[in-house]
Amino acid sequence: MDNKLEFFTIKDEEDNERHFMYVDTIELDGNSYWVCDEAYPDEDGEEIVLGDSVVFRVTKDGEDFIIESVEDEEEHNRVAEEWEKLEEKDFEDGDYEIIQVEDDDDEKK
14 MDNKLEFFTI
24 KDEEDNERHF
34 MYVDTIELDG
44 NSYWVCDEAY
54 PDEDGEEIVL
64 GDSVVFRVTK
74 DGEDFIIESV
84 EDEEEHNRVA
94 EEWEKLEEKD
104 FEDGDYEIIQ
114 VEDDDDEKK
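The opening residue of the sequence shown carries number 14 in the working numbering; numbering runs sequentially from there.
None of these hints come from the bench; they were simulated from the model. Ideal Cβ placement from N, Cα and C applies to all residues, glycine included. Hints are supplied without guarantee of correctness; some may be wrong.
[As the list claims (entries may be wrong)] Derived DEER-like restraints, expressed as beta-carbon distance ranges:
#: 1; residue 1: L99; residue 2: G58; range: 30 to 38 Å
#: 2; residue 1: D28; residue 2: L99; range: 17 to 25 Å
#: 3; residue 1: E100; residue 2: R31; range: 19 to 27 Å
Let the sequences and hints guide you as you build the complete structure.
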């Protein structure tokens, strides 16, 4: 299992930077899609907080990736369904390890 995290930044239509963490690629209906989580710095700017999952349609142009928002609701729903199936299969196959994380407030006294 590869534990390398990949982040990227794009600019939206209003020229605001948006940060994402790449999660996985889904091949569906002849298209490639990236499933990504929005990524934000915490209040202190010391850690990354992950937000909602986002789906992008991705094509490759030489060495560059062209990333497009999936605006069509039906297309988005098909990709989301496929993602849920893959997550369920990975969980059933034991590809995920469930761990309990303690934060500083949960430490035993």
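Against the structure, the hints:
At roughly 33 Å, the beta-carbon separation of L99 and G58 lies within the given 30 to 38 Å, and the hint holds. D28 and L99 have their C-beta atoms about 34 Å apart, which leaves the hinted 17 to 25 Å range violated. Between E100 and R31 the C-beta distance comes to about 23 Å, which sits within the given range of 19 to 27 Å.
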